[in-house]
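Fit chain P to the known structure of chain L by using the hints.
Each chain is listed here by its residues.
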Amino acid sequence: MSPSRHTAPDHAARRHWLGVLARAGEAALETAWQGLAQHPVHSWVRRPESGMTMVRGRANGSGAPFNLGEMTVTRCALRLDDGIMGVAYVQGRSHRHAELAALFDALLQRPSETAHLQRSVIAPLERERVQAGEAARRRTAATRVEFFTMATGREAR
Amino acid sequence: MYVAVKGGEAAISHAHGLMADERRGDRALPELDVGQIAQQLGHAVDRVMTEGSLYDRELAALAIKQAQGDLVEAVFLLRAYRTTLPRFGASLPIDTAAMAVERRISATYKDLPGGQVLGPTYDYTHRLLDFDLLDSGREVPPPRESDAEQQPMARVADILGQEGLLEPAQQGAPDTPVADVTREPLRHPAGRDARLQALARGDEGFLLALGYSTQRGYGGTHPFAGEIRMGSVTVEMVPEELGFAVEIGEIAVTECDMVNQFGGDAERPPQFTRGYGLSFGRAERKAMAMALVDRALRAQELGEETVFPAQDQEFVLYHADNVEASGFVQHLKLPHYVDFQSELELVRRLRREHAQARTEAGTQQQEAAE
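Protein chains in written order, with the numbering used here: chain L, 12 to 168; chain P, 80 to 449.
Same shape as in the complex, but just chain L (with noise of 0.2 Å):
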């Protein structure tokens, strides 16, 4: 079983939101980040870097791990003035996004902010994503089909 689903639950919101700033847009961020009454300075622990990761399969879907091929990633780490580390690690090659969503990551650790940022920011970003899926979800159901079996001669007879 993966680590995943054995994450303390202290990282549960933790794991959420970076999820959520992972697979929103970099536009979107820009957004979140421009509505922002205040903005934070920070310091790089690491600069933004692309690079990859290898992304794994399963043999027949449910058996042994292979590797199937790479994906661009980009990370950083950053500090606030407070101590506080944003990470990122995001899909693609956009610094910018991987330093927004660090940027927010850090944000949304400060237990003042957390909940205004998860209202304002996090529940916006997933919801988008929620009706995203759930469109492409529709076109697909329009492509549900019932085969029949015809019966053959013999059965006829």
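Accuracy of the hints is not assured; some may be wrong.
A few chain P residues that face chain L, going by a derived Cβ cut-off under 10 Å, partial list only [as the list claims (entries may be wrong)]:
1) Ser132
2) Gln195
3) Gly322
4) Ser358
Estimated spans, in silico, between C-beta atoms of each pair [claimed, not checked]:
5) P:Arg106 - L:Ser123: 57 to 67 Å
6) L:Met96 - P:His410: 42 to 52 Å
7) L:Arg155 - P:Leu212: 20 to 30 Å
Hint data in this document are derived by calculation from the structure and do not stem from the laboratory. The C-beta atom is built at its ideal place from N, Cα and C for all residues, glycine as well.
What follows is chain P alone, placed relative to chain L:
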């Protein structure tokens, strides 16, 4: 052997300039945009990502533009770029059962839990050229939608598996490192993990032909497409800074679970065995071909005779990579002047000896006759 040559710089530079000009084509037409390739030539992008072994739609589209649509050349470009990037680690294995499904079909059961959805497909079209597409201003109506609830889509294999009719997916020993053919050279016999990776990177045309050969009797095991599913899966990894798994993104994949007859042996009763195919993006033909070849390569493990090309690990795995194959075939056109000179000398000498031998033989015959 190829010996380095000097000179030709100006001609090479001009040739590259000519190629750039040809790539741009008629200036009266708008230049092709990488975004257009990513959006409108999606299958080409998917193939280049799969065989280039790097999931990045924009880079694959760029490679296709740069290579003027030569997909094998584009794969080479993407592979070369890939070597410049550091690797941050490996993902957790993707969970294709949790896929946001866009297509899911089975050739073995018509009534499946969760049903069958065709998704976007060329199946059931008549393959007639659509002349409407000549008119680029044409409006495309939005696709139909349906309110039908989506029931969970259990794997087809789990249905057959319940009766013991299908072999379970092979599990590896816990904590065994996963083979990586990009880091260690292939060794034979290769484990299934190394084989699946090599096949996933392998050339679609090569695997298609090999898969087809198994259907035509060269290693045939009468396959059925147990399940094909295509859609998006989330990718999770454990960043070193965090120590717990986070979602880093989402990728589209196509998966094929191929079901084949197996007569059974001393220990095992007759049952269905499985081959597996997995690719980035929408690449159904590739995933199906890969599943056929994967099953053929399991011949030895299943105690079957290995007499056909598709069952021969070394043959298949050493020739599936189109970057290696293309490099070795195409290096033949580079200057081999020194090499050829020595061969020329050799052939001249052999011809002299041949002529001399004939003359001597002729003289002997003549003498014998006299």
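Indices of hints not satisfied (ascending): none
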